[in-house]
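Colleague: Protein chains in written order, with this note's numbering: chain A, 3 to 345; chain B, 3 to 345; chain C, 320 to 839; chain D, 14 to 335.
If you are wondering where the hints come from, they were derived from the structure by calculation, not from laboratory data. Just so it is clear, the structure is predicted and the values come from calculations on it, not from any experiment. Some hints could be false.
[Unchecked claim] Beyond 10 Å from chain A on every Cβ pair, some chain C residues (computed):
| # | residue |
| --- | --- |
| 1 | D402 |
| 2 | K411 |
| 3 | A504 |
| 4 | T570 |
| 5 | P667 |
| 6 | R684 |
| 7 | R708 |
| 8 | Y780 |
[Said to hold, decoys possible] List time: in silico DSS-like cross-link candidates among lysine-lysine, alpha-carbon distance up to 25 Å:
| # | chain 1 | residue 1 | chain 2 | residue 2 |
| --- | --- | --- | --- | --- |
| 9 | D | K300 | D | K314 |
| 10 | B | K335 | C | K614 |
| 11 | D | K318 | D | K270 |
| 12 | D | K165 | D | K198 |
| 13 | A | K297 | D | K225 |
| 14 | D | K270 | A | K297 |
| 15 | D | K300 | D | K157 |
| 16 | C | K614 | A | K338 |
Each residue gets a CB set at the ideal place from its N, CA and C atoms; glycine is no exception.
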Amino acid sequence: MRRELGMAVAVAVICAFLWYSNHHFIGQYNILDLLRSVGMLGILAIGSSLVIITGGIDLSVGAIVCLTGVLIAKISSPSTGGLHYPMWIGISVALLAALLIGIFQGLLVTRMGLQPFIVTLGGLMWIRGIAEVIINGRTISFGSSSFTNLANSGLLNIGHEAIFSYPFLGFVAAVILGGYLLHMTVYGRYLFAIGGNRDAAYYSGLPVKRVELGAYVISALTAGISGIFYASFIQDAGPTVGHGYELYAIAAAVIGGVSLRGGEGTIVGVIIGTSMMEVINNGITMFQWHYHNSKGHLRTFHLGTHWQDFITGAVILLAVIFDQVSHFVARRKRLKAQAAKTA
Amino acid sequence: MRRELGMAVAVAVICAFLWYSNHHFIGQYNILDLLRSVGMLGILAIGSSLVIITGGIDLSVGAIVCLTGVLIAKISSPSTGGLHYPMWIGISVALLAALLIGIFQGLLVTRMGLQPFIVTLGGLMWIRGIAEVIINGRTISFGSSSFTNLANSGLLNIGHEAIFSYPFLGFVAAVILGGYLLHMTVYGRYLFAIGGNRDAAYYSGLPVKRVELGAYVISALTAGISGIFYASFIQDAGPTVGHGYELYAIAAAVIGGVSLRGGEGTIVGVIIGTSMMEVINNGITMFQWHYHNSKGHLRTFHLGTHWQDFITGAVILLAVIFDQVSHFVARRKRLKAQAAKTA
Amino acid sequence: MGQTQKAQRTKIDWGESLSANATQSASPVILSMRGITKRYPGVIALSDVSLDLRRGEVLAVMGENGAGKSTLMKILSGAVMPDMGTIEVDGKPVALQSIAHATLLGIALVHQELMLANNLDIAANIFLGAESARLGMLDKAAMHRESRKWLDRVGLHISTRTPAGLLTAGQMQMVEIAKALSHKARILILDEPTSSLSHSESEQLFRIMAELKLQGVSIIYISHRMEEVQRLADSVTVLRDGKNVGHMDRTEATKEKIVSMMVGRALNNWYPPKRNFTGQTVALKVENLHVVGTKSPVSFDVRAGEILGFAGLVGAGRTELVETVFGVTPPLGGHIELGGRHFTPTAPRDAIKRGIYLAPEDRKRNGLVLGMSVAKNISLPDINNYLPRWMLRPSVEQRVAQQQVDQLRIKTPSTRQLVGMLSGGTQQKVVLGKWLAMKPKVLMLDEPTRGVDVGAKAEIYRQIRELADAGIAIIFVSSEMEEILGMADRVVIMRDRKIAGIYPRDEVSQEVIAAKMIGE
Amino acid sequence: SKSKSSAPAATQTSSAKPKSRHHFFVVPKGKTPKIAFISNNTATYWNLAHVGIRRFEKQTGVHVRFLEPQNATVAEQNNYLNDLIADGYNAVALSVISPNGEVNELNRVARHMNLVCVDSDSPKSNRLIYIGTDNIAAGKLMGKEMVRLLPKGGDVAVFVGTFSAANARQRLDGILDVIKGHHIKIAVKRTDGGDAGRARTNAENVLTAYPKVKLLCGLWSYDGPALAAAVEGAGKQGAIKIVAFDQSQGTLIGIQKGVINATVVQNPIEEGYLSAKWMLRFCQKGKAAMPVSDIVPTGVKLITKTNLAAYWAKLKKLSGQK
Ligand SMILES: Nc1ncnc2c1ncn2[C@@H]1O[C@H](COP(=O)(O)OP(=O)(O)OP(=O)(O)O)[C@@H](O)[C@H]1O
Ligand SMILES: Nc1ncnc2c1ncn2[C@@H]1O[C@H](COP(=O)(O)OP(=O)(O)OP(=O)(O)O)[C@@H](O)[C@H]1O
Ligand SMILES: [Mg+2]
Ligand SMILES: [Mg+2]
């Protein structure tokens, strides 16, 4: 938990700084917004984390987000291009597709012994490809369908705003389920054991392949669920939705202490990592600085959006460097203490 | 070489099929075109392969391609936004930047002990971020500058077309140098040794960190060189250039038999893998099918461009599945032969 | 095998000739380590350790697991930097900066762990770090030529183009020895070289050592096998808990003395007292089991409470056999009968469900999740049966683990300690603990004492016997003949991946077993 | 749409007399010309252009190859162009992504086939004609609507994928030109790199961080729906005005619901139809087909709640939907 604590403090400091720079940051509206974004990315990150904990990787989740939206739009959107079926059919088909993709990729990894990186890299392309083929290179709008309320409404309304938006509630559910699964069930223990030492897990009689398969299935399913929320959030389904989200999800997991070597990670860490990503994202718009220009006029400085990629990348690097350095320092300290005791 | 042979045959079969479907596929113009594309991606793939052979990964090469183009355009383009310095200054600065990035990332991996995936994932963002900041959300054109000839002209002209375009010549040079480095020098041997067993390499007195650092530097540099060609090919520098190229480069390497587990791969394989990627890419446009429609008119069927992602992804998967299956079959055969001997 | 048999027939006692040539007191000290200290977080691996090595001397370094032997050798080879201390070579202080530096000074180390790049061929491995090259360009022909010589020297008659990954553990070890020899070192360090070598390969090694000695090469030899040390060493240095506890000449170094120095007390009974096993209930019957890749099926049985020893040379197929019984690689034919029921294991799950357990040969690779705690490792195979099933019960888990820790006397600060932090012998006990917690019917132990120090060995022997006495059928695979004879009630001898014979212990002697093993 | 265009005023009036640099490729009678159309991305916008092309195909029986770069990059377009040259095509219509950047490449293409720019021009190249929208005029139309919506002035936020696209800059230039002197200020510009999700997040962030912003303006087709979703999500329909671009479904629905106040639409159907028609003409008559002006405007139109119904009905009819 040392790592999680460090990152939590870092997130808190950044939040405090942003609040200092712009009081709206802690405004009701922004908080709800932030919670929703954290929710949508977080659901994705939890699924990705399970796979990473087994020592694998899932690069296809962004594409699944895309395909989910496209399927729902194609089947159930009341607008042009949609087939006007009831919404639940679209959602079911989309989740079923995610499930099948998870099974397919999981089987390739576990039964065929292919490397997860290349399986899901292929997946990243062919899954998005299917979405492109289905939608034939267009976008389909969800128009005025009530589906678009999913991302906006939720429980406990204050005025127009739901305090707990459905994406956030979905995330809370995913955290509870994921936390239970990962830290309190045999299945979770197996995930860690497989990531820690696959061979030893096999020799201990664990159903290694089934457990791993499960991780890919869960990852695909969470991507599907996240995809539903994103589709409702964007209110539009197109072939470019979700592009690169797999990398954001992986980054969130890693910042939160999930090790890409497998066998390490916590749900709390994923929450913190996701918050870090989304706070940075939000902070780039929220950050402002008041100053007096040469003529003495009060001016406000804002960061341009083109800083976003740079800052996100830098934060990811800083997070892992910070973690590594604190590791070194702790080690050094312990050795020094030891030496002092000996002398 | 078994794997390389299998893939070479697969590429040949696809080429034959495409030629059958459209004779222009083997036309002079298309061949030259294809060679150029293979050249530009190939240079990238060779650099990525070196890193993969050491057991690492470099996700930042696409971003470096972007940054290189932006730097050259900013410094040397004669169009608006450019600073009008001589072209060689722009190119030198761009290559220097690539070099520094390579060193920086290499040091983070080797000296700080960070995981290559996360270091270069951060890199993918902050490097593109720098490009965005430099170009401030605009694009800069190379306009009528002679730099744009780099990708189009070359040696041995026939009419307007050069048989060996400079990108292709660059690739040939990279293949020769890379092949020499990888298969004939001590340095190459070290790369394989480190990818095969880091500890063994370390305990054999190899300068593991320096060798690894070298791989990241070479990868960044080849990305820089490839970036120069791409900039000249696109004739324009903008923040979206090179998006996802790292994945194409990795896919090319893996299709060509470079193992993501490290320690395995050949230059010949990279050539074949790159050819596979580019032939598929080209083939999606070239492929055609003549048929008579219901009214008896002769019609030509073309694949829509939205099939591209699907087919590329499927080919990547098929390539690795094919490889794995042939592996199984060979094993099964060996066991059977063994059993037969017993009986 | 030709080489092996010749060596066996000539029966030269190289141990004798080794010491005959030793003129240690007269020969100069070429290496002297003083006050070496090395700390790791939570452990002081070495504390003020000193060591002298003379020209042409074989110095044995002894100590329990975790005593610091390997660490000391790594420091000497430039792989690890000491926190304190000085090293003098030929009387001149040297600051060992790197492995390359140590190699330059004529120091070569054969590591305890196998250290080959499996993707490279034998020649490439032998010359790794010392490639013949012109202007950076590899001279592969020269390296293959040279490697041939070194392979012949160690008696390996296989192509230098064979990828290291295809070799058996013994062959790998010989390649590593060839590699060390190729450095033409003045100081050769062998860290448990024989732990994966067959009898004949070991003899080959001892012969080479004798020749090197004659040429004035000094050798530091580490082994947990007492006979080897007594036979080869000119002098012995003993470490305990990272400290020097003694140094003695060949003449003073009796087994008892070394052992008592190592463990800090006298240790008399190695093996549990002999017993007369008379049980008749067959616990496990293996019938015509066709192990993948072998030529003929094997059959044997083991009775409840019996210890069935499996002897054989390295590569005789014992590991393959027990792993097939365990279901790691499903057999091509045949079946297993347990408690009157037939089954063919297709995965460890199958075997485990029926109460057949295996403590694998390579405990770090197959036995333990090093990044998990003792408790989690012990509970791993059984946790699915803890109640309630849908929820982990850490307290139950801790209690079960604590039981094993107490029973097996596992030396760990707590059940929450990460297994990776424990010494080799302790780790082996954790592997035992994880199976014992599940009440085994048949327990297969593949080289359970490999790399385990004498103190821990005796402890493990005692526990194995207790288990047998409790009625568990035990399959005990070992490459140490003495161990087999000390423990087994019956002995299965394997050769060329076939069963060469099954004998009651009292009917065989060490000589008979050795002869059967090599096929005489 | 993310369609890009560059039509600086100077070239609008350039002479249509075929210059010596123009190359024409005439297809012998009896042979069907091979013609192709390359868009700049895969937006819905091109769906409508395809409608125009289908109309053309039905009329003439000439097939038009339709290509869309999946990632909206110049590299893909260049690949397509090269492939078409290799495949012996006689004419191509192209929506240029980088007007100045691609001059050399376009000139190379123009040496192999009849080259027409559609939707987004490259006036410095040797293309024969340009068919499409005048983006500056489109921007001015947006600007005028903003002035109307904000009679007392106020802060405006502008959203787009990237300003590196010429059409984005030109539309903004048109807007700036009109709002000058009306107390309207562009307080913030946000880019999303083509990610609609980020577009909505950007809008939400702006709504909180810039409370003075009264009007959101989206320059690319998916921005309209994204802005509407953000404003609706915040429950600020009406309080915050939206001016969008293009006729994507979501935008039209937004106008219907009253969340979006207006959108400026181009005429993609006409772009598709006319470009195919002109390509065929060049293939049949060569130089003789060259029109008086080398610019063929397709017009822009402001859609608000008042004229929405008629426009939408027409659109549906044209694109063959019920
Ligand atoms: N890299 C390391 N990090 C932390 N602790 C270490 C490391 N290497 C060795 N140790 C610790 O140092 C101590 C000495 O280990 P060393 O390997 O030298 O023992 P050894 O005498 O060779 O034992 P064995 O007979 O089991 O090989 C042990 O407690 C070990 O756990
Ligand atoms: N993974 C493998 N691939 C190929 N051959 C193998 C493999 N594992 C074992 N072998 C071969 O099987 C034979 C039997 O090996 P096995 O390990 O079972 O012998 P062993 O008697 O247990 O000896 P050891 O002391 O080395 O464990 C050896 O000849 C070895 O080369
Ligand atoms: Mg040791
Ligand atoms: Mg064995």
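Colleague: With reference to the structure, classify each hint as holding or not holding.
Modeller: Results for each hint:
1. Not every CB of chain A lies more than 10 Å from the CB of C/D402, the least distance being 7 Å, so the non-interface label is violated.
2. Chain A leaves C/K411 outside its interface by the beta-carbon criterion, the shortest separation being 28 Å against a cut-off of 10 Å.
3. Every C-beta of chain A lies more than 10 Å from that of C/A504, the closest at about 32 Å, which supports listing it as non-interface.
4. Consistency note on C/T570: stated as away from chain A, and its beta-carbon is indeed over 10 Å from all of that chain's, at 35 Å minimum.
5. The claim that C/P667 lies off the interface is violated: its Cβ sits roughly 5 Å from the closest Cβ of chain A, which falls inside the 10 Å cut-off.
6. With a closest Cβ-Cβ approach of about 6 Å to chain A, C/R684 is found to fall inside the 10 Å limit, against its non-interface label.
7. Some Cβ of chain A comes within 10 Å of the Cβ of C/R708; the nearest lies about 7 Å off, and the non-interface call is violated.
8. Listed as a non-interface residue, C/Y780 keeps its Cβ farther than 10 Å from every Cβ of chain A; the least gap is roughly 23 Å.
9. Between D/K300 and D/K314 the alpha-carbon distance is near 33 Å, which puts this suggested pair outside the 25 Å criterion.
10. Using a Cα cut-off of 25 Å, the hinted pair B/K335 and C/K614 holds, with the two alpha carbons roughly 16 Å apart.
11. Between the alpha carbons of D/K318 and D/K270 the distance comes to roughly 9 Å, so the proposed pair stays at or under 25 Å and holds.
12. The suggested pairing of D/K165 with D/K198 holds, with an alpha-carbon distance near 12 Å, which does not exceed 25 Å.
13. For a cut-off of 25 Å, the pair hint linking A/K297 to D/K225 stands: about 23 Å separates their Cα positions.
14. Straight-line distance between C-alpha atoms of D/K270 and A/K297 comes to about 46 Å, which puts the hinted pair past the 25 Å bound.
15. Between D/K300 and D/K157 the alpha-carbon distance is near 40 Å, which puts this suggested pair outside the 25 Å criterion.
16. Proximity of C/K614 to A/K338 is assessed by CA-CA distance (about 59 Å); at most 25 Å being required, the pair is judged violated.
In this structure, the earlier hints numbered 1, 5, 6, 7, 9, 14, 15 and 16 are contradicted, and the remaining ones agree with it.
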